[in-house]
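Make one complex out of these two single chains by using the hints.
Chains as they are written, first to last, in the numbering used here: chain Z, 1 to 240; chain D, 1 to 583.
Source of the hints: derived by calculation from the structure; they are not laboratory data. Do not rely on the hints blindly, as some may be mistaken.
[Claimed, not checked] Partner residues aside, some chain D positions facing chain Z, computed with beta carbon under 7 Å: (1) Trp161; (2) Gly276; (3) Lys301; (4) Met346; (5) Val385; (6) Val469; (7) Ile476.
Think of the CB as a built atom: it goes at the ideal place given N, C-alpha and C, for glycine as much as any other residue.
Chain residues, written in single-letter form:
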Amino acid sequence: MLNWWLPENVSTYGADIDGLFHLVYWITMATWVLVQVTMIVFLVMYRNRPGRRATYTHGNNGLEIMWTIIPALIVVWLGFRSVETWNKIKIDLPKSDHVIEVTAKQFNWEMLYPGPDGEFETDDDKMIENDLRVPVNTPIILNLKSTDVIHSFFVPQLRLKQDVMPGRTIKSWFEATKAGTYEIPCAELCGFGHSGMLGYLTVLEQADYDAWQAEQWPAEQDQALAPENDDVNPEGGRIG
Amino acid sequence: MTAHAPTADAHAHAEHHDLGFVRTYLFSTDHKMIGKQFLFMSLFMMIIGGGLALMIRWQLAWPETQIPLTRWIPEPMMYDGFMPPEFYNAAVTMHATIMVFFVVMPLLVGCFGNFLIPLMIGAGDMAFPMLNMLSFWVSVPAGIMMVGSFWVEGGAAAAGWTGYAPLSTVPEYTGVDMGQNLWALSLIVLGTSSLMGAVNYITTIINMRAPGMTWFRMPLVIWSLFITAILLLLALPVLTAGLGLMLFDRMAGTSFFLPSGGGEPLLWQHIFWFFGHPEVYIMILPAMGIASEIMPVFARKPIFGYHAMVFSIISIAFLSWIVWGHHMFQSGMNFTLGTSFMITTMVIAVPSAIKTFNWLGTLWGGSIHFKVPMLWALGFIATFVVGGLSGIYMANTPIDIFIHDTYFIVAHIHYVLFGGSIFAMFGAVTFWFPKMFGRMMNPAMGQIHFWGTFIFYNIGFFPMHIIGVGGHMRRIYNPTQYEFLAPMQDWNIFITRGVLIMGLFQIVFAINLFYSIFFGKKAGRNPWQSNTLEWECPSPPGHGNFETPVTVHRGPYEYSSPEVEEDFLPQTRDLAGATGGSH
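Bound conformation, chain D alone (with noise of 0.2 Å):
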């Protein structure tokens, strides 16, 4: 590596792709490459979070049995594949900590952030290139901490990855020390790498668009990701400061949070909601555009209803910072701001009703070719819907009296984080994998590991409602501790079964992306016949993105338009006389 610095010093103003294997691969300032990062990254600690959730499933169906395939893991953590309470606490946490905040945020906004909002509004790169690549790499000090966790004494936090005060922020409660002080820690410094994104993002989306590329012309995706980065810019700050407060009342004797000291327990659901609630459309807005983004190519139809899209991504952005109290109706806060609570959560299912209905507009009267993207994108909305119904029954406060705290909840955020942004994730990497890589995804394999993953996926997280209804309550270590659960006990092995099964299938995906990337035949410039702005660049794109600078003449989605013989219009394509304007 060090033979190649020179060679980058010494061409790095007349050579844009003879910058060396360091600047090349690991600190790149290109948007394209810190991308790719993030998606490594995140589906490395996919790995983590996917299996700690497969041994949290054999703890429940099996309660203490041996966990097969982890011997290997370390006393006090796993007693020779028996795994003990603490680590079944601590396995809930950070299976969810790792799956939130290092695998869907970088994934969805790191990883297609990068890489589609400079290619899709015309850009040569980011707004402020070295930001972004700092954004990268302070995320992975973040990660090797919440990861390292595990190892230090006491073990990993284990307080759930919502860390509800006291119990997160007094030692003695959990026994874990210096695991809670690293997970509030890491969550700081991971909170400065989504800031410094979302900066660029919005920086980027604002100033850099090319000539002729109007807001609303923007693809659905790049209004998303806007949206997403002016969420996770105001929110981030908050959970920053809840952060900050935790570490305060654990390390320097204060109690923001201890009632014994005049704190407020209270204080810390309140200012960690705040965030949670935008957080949980940041980690849903991207989705949604990737799928608004795949199915008008393969539908072949302009999306239904641009600008209800639009204004429907606008206003949950905007609800979603009053309907943070839904989390908390059995919390012992007031009970009469409950009720404002559940209106406002009512309400915010409009908007991403009108977005299910425009899916299915485009679908009417399309001529829909089922490649491997646009079925995640069908199986998004089909999963999506199902975790967007189950939403009303938590937000009606009488019912969420029975459901709370109940595999009913766990249910509901499965499908709208597995289902919806991880279906949402594989559709977007079959999607741009050809630009990304200069090369095709097997579609064969494709197809199984959508099928495999799709039914799998429902046998086993779609009985989690029945157990929820049933009073199943979730992170609770052995069900069988309890008579009024015994009837379910059948449910919880069906359940670790699909989910195993589904795991399988994802070696399926992981062959695939590695074969492909190598040996996957060669992609065209724009292998879907698709109209947005990276489908003019080469596959992979250069340095600078575009040979030539862009135009934009229309909107993203003209496709099947009676104006030209074949079914699709690209952006950039000047129609002499029809449309000359580029502004």
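Just chain Z, same shape as in the assembly (with noise of 0.2 Å):
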């Protein structure tokens, strides 16, 4: 079976996104349309015959201005329709409770999360090895690290690509609108193992969110009681 289209989207801003590209597909597809069409008329039109001589002109300035001005009208106006969706998406960061660091290595995506108390640097901090998990329709916050090279953060249904560089933290965002586990593909090139660089976002119901986190940071003595917990399970990351 062939997919033509883009895949299902489950970002807030991903519809944003995705009207862009209709709005731009549908000016290219016309251009494209306008262009080739009368260029085959032409071609048929003014094919060679015997006894009929090519019109001789060098041009109309008054057509000139016409295709200069109508399409940078156009192409400006596209740029700064589009400057708003871009500051949603990129700059304007909202406020959020989850925030989850992401470091990208050859070739793992490591989740840390800040554990209930929501800071990093203390005890209940812990990694999991490319599994990302978050509750539904709730914006996250993620500071994107990396150790060795650049790499790319990439959910194609939640329409989010940012590059991860190392000596930087680089904030994202998203909210997902629909449970489920998506792939989380490397998409810069990083190295032999670039390839199946791969972790897996799975947003969850609150209700289930809530058992997983109960499940991951089970009250304080036990946890004290159960260090293997911070162990690294590359099937997925489920603990226990």
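The following block contains the structure:
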């Protein structure tokens, strides 16, 4: 079966990107049809026929001005029309209690959860490899880091892509609208294991998320007795 | 060869055409021979680059199966025809590097720049013939270093043709050591070659135009090569500087691009794309010039809007310096800066639109002959329009979030560089072949080659847009590792089949090229009844090009002029009383 179109959208801002995509699609498609049809019509109409001489003309300034100004207006309008969406996704991060630190390294995604206290660099921080779990309909902030080369955090269904740069922490965010498990491929060539560098984003209903949290961070005395909870489970990170 | 050398010395002052084999075919200072040398070197490199592309496509369609005809490639590159991920990354890197630096640039700039500039402005040779010879011979060791890097320990460069640091600067990250060094050194050497060419082109065009060849009587291909040479002169030193820093980081322990030593990985991207975006136009402006040259000849009509065409070339060249950031929207570069680069990038679409509409205007009211060069020029426009329009998606920052680093980009670059530059190159070869070799190419084989390439090119490359929109990442070794790509695997097979068949059609071109060089029908001086100066010379022109000095009386596109009965009016023809002036 041939899949034609954008993947399912499960993020709050995905529709804005898809909307722009469709807008540009119709503009470019109309231009493409205009150019190709004009060309084919001209090729047929003005094919060489004996006895007919080509029109001798060097151009038309009115036409030149027209086809300079109209495309210029369209593309500049399109540019300004896109600024709001860009700012919303990349610049104006929402407030959120859910901050997760994602560290990329050849060839894994390490998800560091701050734990119940919501603070990093405390005892209840927990790192789980390649397993990002978030509640549905909640803004999530990601602190993206890399320990070696440049990677790129990509979740197609969220319409989110952000390169991850060694030496920097880049903030990114999303709000998923539908529970499910989605792949997190690396989108920037990062070495021989680039292909297959793959994490999973699991979006949980709030109740399921609470249950998962309770499972990961049991009451304090239990946690002290169970240090193996910090173990890395490459099969998807579910501990216990 | 040595037997000829004394002869060459003895007659060097007396006879131009008795230079002996070495001075005629190897160390020639004749711009036409140097052009041909670039042509054959690039076509040879195209076989390597194309072979790598076919291997990449096979791996993507049928991952980790034995690739036919590759069992001869030794370990540790290939394992009995099976491709490991390390070699896949090297193949991706080297395919792009070879195609950009050793095929498209030397073909359009090296070959046609050299061959056409003196002939079309009415000069006997380049301003600096010896520098010109050096320019070719410096590119040869660069090519040997690049291709030879496959065989050094650790293999060829595998950090992508964009060489993003720190993947490219720390050997441990790719496992490639000497290969990446050779990659950088080769490009530095090649950059020197291009600089020598650029200086020569600029000087020649400014100083050596025939009497009457004013700036606005110059053919558009010369305009585009002139502007291209300026871009080369200004852009290449930036790349060379960046490559130097890369080599320091790799070999001298510096940390220009390494955060652990206080460096900045993003610096490489700024340097690379500050060179890289003008570079894109270096590869497309000559192609636009070629199309603008071929279309009036076969539409028998003046180019529509000559001045608009010239000014759009100049404005593309100017704008190309302020758009590089559009490669870096998702890189972590200041996000507000993304908006500025989006606007400038959107604006650079306008001059390309102007050119497209002017080409259509040239067809309007023409008397169109569908000869092989014209088919390539029309094919160029049809595919370049797709590549230009798909650029708008990427220029748009929010859409780019999704399609960045996907096959949509791969589709775009191939529509611009293959459907654009390479189609124009085929047009140029078929159009100027009679002048280069004195014979005509076989038109039947030319038609088969065009239609086969055009159809299967689109079958092979258009679906890359579709899988890109599906989210298919570029530069991945095995798409079947991803669940969300599973529905697209059929497309990967479809694409590979299209590209393989297109590859087969190139054999027709190779046969036609070599057959016609030796056995083609003899060409007259002006087989296409064209106006520009090169058609005044014999085919092929001798040393010094023009038998008598030429004077230019008019612009290059006076087709179907009411002043004369025939439908062309060469630039040199003196219509007594009508245009007597020679300045």
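Hint check results:
| no. | hint | result |
| --- | --- | --- |
| 1 | Trp161 | violated, 10 Å |
| 2 | Gly276 | violated, 16 Å |
| 3 | Lys301 | holds, 4 Å |
| 4 | Met346 | holds, 4 Å |
| 5 | Val385 | holds, 5 Å |
| 6 | Val469 | holds, 6 Å |
| 7 | Ile476 | holds, 4 Å |
Hint violations for this structure: numbers 1, 2, all remaining hints satisfied.
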